[in-house]
Amino acid sequence: MSAIRVLVGTRKGAFVLTADGRRRDWSVAGPHFSGWEIYHLKGSPAEPDRIYASQSGGWFGQVIQRSSDGGLTWEQPGSAPPEPNASPDDAAGSPMPQGESNKFVYDTSEETGRPLTTHQWYDGTQHPWEFARVWHLEPSLADPDVVYAGVEDAALFRSTDGGESWHELAGLRGHDTGAEWAPGAGGMCLHTILLDPRDPQRMFVAISAAGSFRTEDGGRTWTTINRGLHSAFLPDPTAEIGHCVHRLAMHPSNPDRLFMQKHWDVMRSDDAGANWYEVSGNLPSDFGFPIHVHAHEPETVYVVPIKSDSEHYPPEGRLRVYRSRTGGNEWEALTDGLPQKDCYVNVLRDAMAVDSLDPCGVYFGTTGGQVYVSPDGGDHWTAIVRDLPGVLSVEVQTLP
Amino acid sequence: MIRVALPYHLQTLAGIRSEVTLTVVGPVTRDSVLDALEARYPMLRGTIRDHVTRRRRPMVRFFACSEDLTHDPADAQLPDAVASGEEPLLIVGAIAGG
Chain A
1 MSAIRVLVGT RKGAFVLTAD GRRRDWSVAG PHFSGWEIYH LKGSPAEPDR IYASQSGGWF
61 GQVIQRSSDG GLTWEQPGSA PPEPNASPDD AAGSPMPQGE SNKFVYDTSE ETGRPLTTHQ
121 WYDGTQHPWE FARVWHLEPS LADPDVVYAG VEDAALFRST DGGESWHELA GLRGHDTGAE
181 WAPGAGGMCL HTILLDPRDP QRMFVAISAA GSFRTEDGGR TWTTINRGLH SAFLPDPTAE
241 IGHCVHRLAM HPSNPDRLFM QKHWDVMRSD DAGANWYEVS GNLPSDFGFP IHVHAHEPET
301 VYVVPIKSDS EHYPPEGRLR VYRSRTGGNE WEALTDGLPQ KDCYVNVLRD AMAVDSLDPC
361 GVYFGTTGGQ VYVSPDGGDH WTAIVRDLPG VLSVEVQTLP
Chain B
1 MIRVALPYHL QTLAGIRSEV TLTVVGPVTR DSVLDALEAR YPMLRGTIRD HVTRRRRPMV
61 RFFACSEDLT HDPADAQLPD AVASGEEPLL IVGAIAGG
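Protein chains in written order, with the working numbering: chain A, 1 to 400; chain B, 1 to 98.
Isolated chain A, as found in the complex (with noise of 0.2 Å):
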């Protein structure tokens, strides 16, 4: 029978949920590194026990953890276990660099991409890129020791040794916009890439809050596929950059298609992101975070609707998952399971996701520290676990 592995970050460390196909009987191990926020955490399709995972804090930065053997055990990639008799001579001497695993340094170099050195600041001057963390890790469909990160502030890096070192796409912060950039209240980050499986060469990013672009060529040069979005707070709502995407999703049978849960409106495009239209119909509101797309059926979406841009919680305090068959606009709410009174968690863009069985199930967790399981597509849930810390983001490996 096929398993699940559910993998949560929350601000307090990483958990693994792992249940048998039924989905109904959970197991919790963690936390893997206590005290520590862990933003992300994400398995390789390719080889589904190489798990990656972004450990981050104010006090000591970045850390990269890399597991081989499902979330059993970790390891900073590349650094090689202690030697008792170590001096700074022998690191010197060192054929593979070691200790680099959570070395992220913006690529300034003419051949690579642009000496680019300052985006807009929130008072409209311009500010030093400055690294802060990753939010997001996407391991290559094809590789497991290829690996995206996803950084704060906005970058995107690539790691082809398993994680051991990291070098900038610069490409997309040469951008000719790149100067425009301006981060939004959680600070100006890269949360979502998409690959295109059908191209390696293709993959999407979104970056709050300067908006969508896509890349043809493996990441070289980008395009803005912001056509369409409207961001009432911009002084030109149309602008080609500024707006603040939330997520971005896509099913992969059809990566033309691809859905956005924007600050406000969900949208859609058909064409790859060169246009949008928005799709959020009859939602009770459409400012969220994250967006989903069920494994089987193209054509159904899910996104949990949040008050406000002001009021980060669920709309009257009760939390409704909102699924839509038809691609968007004609909406239903979700509420067997699910808190209907006095609930006021959110949640985040990366705390949703999907597994592959039949019938799909669909996970999240909320900054209440709970995580919920639909094995029916939405129609049902449970909590797995209820006193989490706030939980960060939510994967799901279908394991055979």
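Hints were generated in silico from the structure; no laboratory data involved. In this text, all values refer to a predicted model and were calculated from it rather than measured experimentally. Beta carbons: idealized from backbone N, C-alpha and C, even for Gly. Hints may be right or wrong, so weigh each one.
Heads up, incomplete: computed chain B residues facing chain A, CB under 7 Å, no partners named [unchecked claim]:
(1) Ala5
(2) His9
(3) Gln11
(4) Pro42
(5) Arg45
(6) Val52
(7) Thr53
(8) Arg57
(9) Met59
(10) Gly93
(11) Ile95
Fit chain B to the given chain A structure using the hints.
Just chain B, lined up with the frame of chain A:
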């Protein structure tokens, strides 16, 4: 031997549960001690000071012999008691946050 006391989270990263003892060749400064520490525990690189600029992370402080040495130059000699191993160099995460 130089003694270095790490904060809890860095002990966890390095896989240790006690003070570290290091051999430092040449002048005993904050930088030379950190060089030796990072050579032995490469997983600590970037957690105490920046990989490139080598500036200390903002919420890391250095104490020894009942003194706050945080703002001393990184190449300044540490107190004799640290150099002799009589007292540890304390690397401390600032008390802040929740």
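Right, here's what the structure says about each hint:
no.	hint	verdict
1	Ala5	15 Å, violated
2	His9	6 Å, holds
3	Gln11	11 Å, violated
4	Pro42	3 Å, holds
5	Arg45	3 Å, holds
6	Val52	6 Å, holds
7	Thr53	10 Å, violated
8	Arg57	6 Å, holds
9	Met59	5 Å, holds
10	Gly93	4 Å, holds
11	Ile95	10 Å, violated
The structure fails to meet hints 1, 3, 7 and 11 from the earlier list, while all remaining hints are met.
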